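Going down the list, the sequences are from chains A and B.
Here the numbering used here is used: the first residue of the first sequence is 1, the next is one more, and so on.
Here the numbering used here is used: the first residue of the second sequence is 1001, the next is one more, and so on.
Fair warning: there could be bad hints in the mix.
To be verified - Facing chain A, according to a computed beta carbon distance under 10 Å, are these residues of chain B, among others: (1) 1040; (2) 1042; (3) 1184.
Stated by the list, open to error - Not the full set, but computed from the structure, chain B residues with beta-carbon under 7 Å of chain A: (4) 1030; (5) 1032; (6) 1034; (7) 1039; (8) 1119; (9) 1153; (10) 1181; (11) 1239.
Claimed, not checked - Have a look at the derived ranges for each label pair, beta carbon to beta carbon: (12) 1229(B) - 1(A): 47 to 57 Å; (13) 1057(B) - 41(A): 31 to 41 Å; (14) 1246(B) - 50(A): 36 to 46 Å; (15) 1202(B) - 59(A): 58 to 68 Å; (16) 54(A) - 1081(B): 49 to 59 Å; (17) 46(A) - 1057(B): 41 to 51 Å; (18) 1(A) - 1202(B): 31 to 41 Å; (19) 1252(B) - 116(A): 54 to 64 Å; (20) 92(A) - 1208(B): 16 to 26 Å; (21) 41(A) - 1173(B): 23 to 33 Å.
Derived by calculation from the structure, the hints in this document are not laboratory data.
Treat the numbers as computed from the prediction; the structure is a model and nothing was measured.
For every residue, glycine included, the Cβ atom is placed at its ideal position computed from N, Cα and C.
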Amino acid sequence: MHELSVCQGLLRQVKQIALEHRATAVEKIYLQIGPLAGVEPALLQAAFPIASADSLAAQAQMVIRAMPIRVHCRRCHADTEASLNNLTCADCGDWETELLSGDELLIERIEMQTPQ
Amino acid sequence: MCDSCGCNVTAGNRHLIEDNGPLATVDAGTTAVTILQDLLSENNLQARHNRQHFAKHQVLAINLMSSPGAGKTALLEATIDALKDRYAIAVIEGDLETENDARRIRAKGVPAVQITTGSACHLDAHMVHDALHQLDLAALDLLFIENVGNLVCPASFDLGHHRNVVLLSIPEGDDKPAKYPVMFRAADLMVLSKSELLPVMDDFSPTQAEHYLRQLANPAPVISLSAKTGRGMQDWLHWLTQEIEAHRARLHNGDNTRPVIAADGIRFHAAQRPSAVRLGPL
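Input sequences plus hints: build the corresponding full structure.
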C-alpha cells in the first residue's frame, strides 16, 4: 500500500546519485527486495512510471532481484531455506534462528548515461 | 544505516558484488554505481534523528501496532490510569481521520498529539518528528506512538522508537502471526488483548498464537491481558517499567537502543545488539 511513497523516496536517492555523476539519464535501477521487507515488487514496478515521470529516470528500467529467505540455526548451525511465515531451521526444526537473507530493501546498483 | 562500513553487504548478497559476480562488471557506454543503500534511507535518517531527541531527554518511545479495533487506545487509557503518578506519559496518535483517540487520551490528563494521515496507511519518521515539536520531551519519561491500525505497513517504517509492541485481540484469531509475518516478526512484545473474551471465543488458543510467533524465530514475550477487567495488566505494567529502567541504564552507559527488528536491517549489526532485547518467552 505504501509502494508509491517508497518509490518516490527511491527516486530522490537516484536523482542525488545521478547529479553526483553528472548523468544525463538513468538507464537501469537494480533493487534487492526480500519477501520480509514489507514491499511488494509488483506494486513497486507499477508505481515506478508514475513516480519517475518527468525525471532523469523517466526512461529507466527497474530490475528487481528477489532475494531468498535463508536462516542460520543457532542450535545446529545449519544454513537452510525458509518461508515467509516459517523461519525455523529446516534441518533440526528449532525456532532460534537468525535471518541471513530475506528482508533486503536495497538499491543495489544504478546504470547511467554520463558525459565522456 | 551505515553505508560506509559495508554492512549492507550480507551473506545473502555478497556473492553479487564479488569478483565475477553479476554486479562486478559494467556495461559499455554507461556508468554503473554499486550502492547497496537502503531504499528507506530518508526515513531512517529521520528516525535516527528522532531517536537522538529521545536519548537527549531520556524518553522511552514505544510503537504500538495492531489491526484497527484491537484495543490499543483502551490499553493506553488503562496504562495511563495505572502509571501516570509514577511516570510522565504522552501519546502520539496516528489515524486516517478524526481527533477521537487523542481526545480519549487527553481526558486521562496526559498530552496527546493526533496525526491524521489522510489516506496513508502508516506513520513515518517525518510525521512523528513533526508531532514531537508539539510535545515537551524534557518533561516526559514515556512516549507511546499509537500507529495507524494496520497489520501490514507500519512494520516497515522505523519511527525512531525503541520498542515494538504488537497487539493481537482474541476475536481476530490465533493465526494472525502466520498470516502477517512481517508485522509479528518485528514485535518485541506480543500482547493478546481482550482476553476477557477467551471463555466465549474458545477456538482462540494462546498457545497456538505463541507457536506461530516462534515460527517467525521471534523470542518476544507474550502477555495475555484485558484492559477492561484489568486481568493481566500487571504483567504489562511490569514489562513497561522494566523497559523504562533498562532504557535509562543503557542511556547512562551512552548506549541507545532500537526495536528488535528494524526495517533497515538491524541484523547487519547483530553483534552490537543489546542483550536486553533477547527476552525469552514468559
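**Hints that the structure is at odds with (numbers, increasing)** = Checked against the structure, the hints that fail are numbers 8, 11, 12, while the rest are satisfied.
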